[in-house]
Amino acid sequence: MPSPRYHREIPARYRLEARRCSDCETVIYPPRKVCPSCRGQDMETVHLSREAEVVTSTVIHVPPDDFLNEAPYAMAVVETPEGARLMTQVVDCDPSQVGPGMKVDLEFRLIRKEGKSGILCYGHKGVPSTR
Amino acid sequence: MREVAIIGVGMTRFGEIWDMSLRDLVVEAGLGALTDAGTDTVDSIYVGSMSSGQFVGQEHLAPLMADHLGMVGVPATRVESACASGGLALRQAFMEVASGMSDLVLAAGVEKMNDGADVTAVLATASDQEEEVYYGVTFPGLYAMIARAHEQAHGTTEEDLSWVSVKAHRNGAKNPKAHFRREFGLEDIMSSSMVAEPLRLLHCSPVTDGAAAVLLCPLERAREFSGQPVKIVGSGLATGALSLASRPDPAFLDAVELSGARAYEMAGMGPEDVDVAEVHDCFAIAEICCVEALGFVERGKGKDAARDGITDLGGSTPVNLSGGLKSKGHPVGATGVAQAVTIVEQLRGGAGELQVEGARTGLAQNMGGSGASSVVHIFQGV
Amino acid sequence: MPGIVGYGAFIPRNRITSEEIARQWGKDPETIKRGLLLEEKSVPGLDEDTITISVAAGRAALARAGIDPLKVGALYIGSESHPYAVKPSGTVVLEALGLGPEIHVADFEFACKAGTEAMSVALAMVESGRADYAMGIGADTSQGAPNDALEFSASAGGAAYVFGETDLVAEVLETYSYTSDTPDFWRREGEFYPRHGGRFTGEPAYFQHVLSCTRAILDRSGYEPGDFKHAVLHMPNGKFPLSAGKKLGFTREQLETGWIVNTMGNTYSGSSPTGLAAILDIAEPDDLILITSFGSGAGSDAFILRATELLPERQARAPSVRSMLDGPRKYVTYGQYAKLREKIIVND
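Protein chains in written order, with my numbering: chain W, 15 to 145; chain R, -17 to 364; chain S, 305 to 652.
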């Protein structure tokens, strides 16, 4: 992945930086210029809580090349208390345990390596919550 | 707007076609449509392809197609909407004729997927690169999540999914151009290897090469040409949120419903008027969601449609008698145009063993990504 | 007097038992366990490294410190398994913790002592007045060569410390360092596994530096072993720290809380810092605490600390080391371990 493309996403991926639309209060993650709910453009910066609930999920058995040795792994759409939804892996558990309603904590993890000599790409993954 | 007819269709076989390149495929399909129509001139060309650049390193398909059809100088346009590129090419051609801008417009779709590219990575570019692909989800993974959400909401089981594949192969076995021409039993489907839970290998459409083309003209001129004309009476296009996490309900394809509603409105019809349909079954769950979103069955009842014969030959709305994407194959950019070819053949009465008796109105629905774009066309026999 | 404002630790959730490793190489598990006093060790996932562990420990330390992250003026990370050879772990960690950009960052390396190095220098930044707060982290995901003694102990984990002048959970009363060139354990540039000098790693290396350093800090501070509630020494295996502790005059009871190596393994730069975190998790106000690290090459850093009244209230703000050691975890087979530790040769 080209470094500039990676660098731009750091606030959203490393700190779960999001936006809240000042007109309709919708929390938008990752940040956008135009609110998908009301098309407003007046935003303030917020950060998502590092906890979420699984909305839907699957277990990937045939992975992309960069994730070859991690398969099978669970992937899920999760929702934070702020109402933001994101796509993430759920790890540190048996993938078959992952399902709608499962509570997860969001932990900072290595998402992918660009081969042997490219950059390391980080982000968040879900782990079973202790809540 | 003028009324528009299809007066020629052409299609290569679909499969792993090692001895034909992308340009070979698109030329064969184009020539097929021209020959069927009995003409060798066109006013304009539209060609749809999802990712010719990433599959074979070739962009700029518009002049390539005109050039290799021997028509240098003719205006040509490449369109892209992931797996809905073909349907989009058809729509653009329809609009150019309907508006009066051109008379004879060729709409083609092509994809050459088997030349050694990393197919998984290329297909993933139809989803959200930054929000989905970055984290390791695959295309089947997205549809698998849709299937799980559908199970959560409506109780759709793996067996329900498998009946869709059984139907697809039973019909595709009778389609001489299909990628797979063999039947599979329920047990075969349910014991195939797991791709992304709950989707197994035989719930997923294959990696296919192929091309298809149709020639359009104003209805008032249709009799000048040799192919039996079929009218396009409705066209609808809609977008949905690109990433699954941004959709209000992962179990419902809102872009499909919206594109269908727009096409029905233009045609002045409803789902009950459709005698035969081709929908975008890139994965078995997609057919289930599409027949619901298009109104062929009630929301939540899609899971029973294949097993109960509602969407089979003899049922109230036969769907994917060509074998669908599953059995006929899915050269992604070509699919939308190939669906139109199938419907035209049905409405001309030329579908042989797979003919729906007395079919007068047909529908083709073509979708991109995990449902972020959908285009629907409604056709009527003349 | 400056000291610790917040502390935190993180240990990955996978484990492999000494038995499983012994069985792989045809060794007798009981002999290994008796000789090394190691039951099991932590194993990082493919998605865990020094950076991710530092972020988790750092988040816990900031939660306990309760300070504005933008006031952290320096961040140092010590490891012998930094993910990049060139590009600091510290820059990724600072962004994830919400620190900077007005911050001084450096990575440290000194085998297993890089963690206490980072802590020493962070403390010095506060002492000198150049930073209001400074953070030192020790974390590692070190490799043990297959069929080598170190394969039983090399594990993954780390701890983070925020130093400041006010609202301390523990005062730093004294520091001391003792260093010489002693080539007991090393890894050349480009090599995948480290090498070591066998028994040379014991007396002339570990014991020489740990004992000298600790005796010297006791001497300078005027404290006796009996004055301390807790002591933690670097833990390359289960035996060495108990033996050194005994030689220094500490009782088993004093060493017990910090002696977590038997189920954690040797987290290298995280070793004694994580042991210290385990102590801080249960320490009471006024407890006197000693930590002496050891890094091959070789050297030791020692700190004498005293817990304050503010410690008990801050303990519960983040997970305890014990909860990570005893909590939900997954045991892997040797094959899974080899895959996770990338010891299997794969195609490009």
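These are calculated hints, taken from the structure and not from any lab test. C-beta: ideal position from N, C-alpha, C; glycine also. It is possible that part of the hints are untrue.
[To be verified] Mimicking SDA-like on lysine to any residue, the simulated pairs with C-alpha atoms at most 25 Å apart in a straight line are:
#, chain 1, residue 1, chain 2, residue 2
1, S, K391, W, A26
2, W, K47, R, Y116
3, S, K647, W, A85
4, R, K156, R, G137
5, W, K127, S, A389
6, S, K647, W, Y28
7, W, K130, S, P450
8, W, K127, R, G98
9, S, K643, W, A26
10, W, K127, S, R317
11, S, K634, W, N83
12, S, K337, S, H500
13, S, K391, W, Y28
14, W, K47, R, P230
15, S, K647, W, S131
16, W, K130, R, K156
17, W, K127, S, K337
18, S, K643, R, Y116
19, S, K647, W, F81
20, S, K643, S, N451
21, S, K643, R, A103
22, S, K550, S, Y527
23, W, K127, S, P387
[Said to hold, decoys possible] Pair ranges (Cβ atoms, derived):
#, chain 1, residue 1, chain 2, residue 2, range
24, S, D332, W, P95, 32 to 38 Å
25, S, R492, R, P45, 55 to 61 Å
26, S, A520, W, S110, 51 to 57 Å
27, S, R492, R, S175, 41 to 47 Å
[As the list claims (entries may be wrong)] Beyond 10 Å from chain W on every Cβ pair, some chain S residues (computed):
#, residue
28, N318
29, D353
30, L374
31, E617
Here is how each hint holds up against the structure:
The suggested pairing of K391(S) with A26(W) holds, with an alpha-carbon distance near 21 Å, which does not exceed 25 Å. Simply put, K47(W) and Y116(R) have alpha-carbon atoms about 21 Å apart, close enough for the 25 Å limit, and the pair holds. For the hint pairing K647(S) with A85(W), the CA-to-CA distance comes to about 17 Å; that is within 25 Å, so the pair holds. Of the supplied pair hints, the one linking K156(R) and G137(R) is violated, its CA atoms being roughly 32 Å apart against a limit of 25 Å.
Pair hint K127(W) plus A389(S) holds up; C-alpha atoms about 14 Å apart against a cutoff of 25 Å. With a C-alpha separation of about 29 Å, the suggested pair K647(S) and Y28(W) falls outside the 25 Å cut-off, and the hint is violated. About 22 Å separates the Cα atoms of K130(W) and P450(S), which keeps this hinted pair within 25 Å; it holds. About 23 Å separates the Cα atoms of K127(W) and G98(R), which keeps this hinted pair within 25 Å; it holds.
Straight-line distance between C-alpha atoms of K643(S) and A26(W) comes to about 31 Å, which puts the hinted pair past the 25 Å bound. Using a Cα cut-off of 25 Å, the hinted pair K127(W) and R317(S) holds, with the two alpha carbons roughly 21 Å apart. With a C-alpha separation of about 18 Å, the suggested pairing of K634(S) with N83(W) holds against the 25 Å cut-off. Distance hint between K337(S) and H500(S) is fulfilled; the C-alpha atoms sit about 21 Å from each other, no more than 25 Å.
Of the supplied pair hints, the one linking K391(S) and Y28(W) holds, its CA atoms being roughly 17 Å apart against a limit of 25 Å. Between K47(W) and P230(R) the alpha-carbon distance is near 20 Å, which keeps this suggested pair within the 25 Å criterion. At roughly 18 Å between alpha-carbon atoms, K647(S) and S131(W) fall within 25 Å of each other, so this suggested pair holds. Our distance criterion of 25 Å between C-alpha atoms is broken by K130(W) and K156(R), whose separation comes to about 49 Å.
As the CA atoms of K127(W) and K337(S) are separated by approximately 36 Å, the hinted pair breaks the 25 Å bound. For the hint linking K643(S) to Y116(R), the alpha-carbon distance of about 22 Å falls within 25 Å, and the restraint holds. Distance hint between K647(S) and F81(W) is fulfilled; the C-alpha atoms sit about 17 Å from each other, no more than 25 Å. For the proposed pair K643(S) and N451(S), the alpha carbon gap of about 16 Å is at most 25 Å, so the pair holds.
Of the pairs offered as hints, the one joining K643(S) and A103(R) holds, with about 24 Å between alpha carbons and a cut-off of 25 Å not exceeded. Note on K550(S) and Y527(S): the hinted pairing holds, with a Cα-Cα distance of about 17 Å set against a maximum of 25 Å. The straight-line distance between the Cα atoms of K127(W) and P387(S) is roughly 11 Å, inside the 25 Å bound, and the hint therefore holds. As the Cβ distance of D332(S) to P95(W) is approximately 52 Å, the hint placing it in 32 to 38 Å is violated.
Checked against the hint of 55 to 61 Å, the pair R492(S) and P45(R) passes, with Cβ atoms roughly 57 Å apart. At roughly 56 Å, the beta-carbon separation of A520(S) and S110(W) lies within the given 51 to 57 Å, and the hint holds. For R492(S) paired with S175(R), a C-beta distance near 44 Å keeps the hint of 41 to 47 Å intact. Residue-level check failed: N318(S) sits 8 Å from the nearest beta carbon of chain W, not beyond 10 Å.
With a least beta-carbon separation of about 6 Å from chain W, D353(S) fails to lie farther than 10 Å from that chain, contradicting its non-interface assignment. A cut-off of 10 Å between C-beta atoms confirms that L374(S) is not in contact with chain W; the least separation is 13 Å. No beta-carbon of chain W is positioned within 10 Å of the beta-carbon of E617(S); the least distance is around 20 Å.
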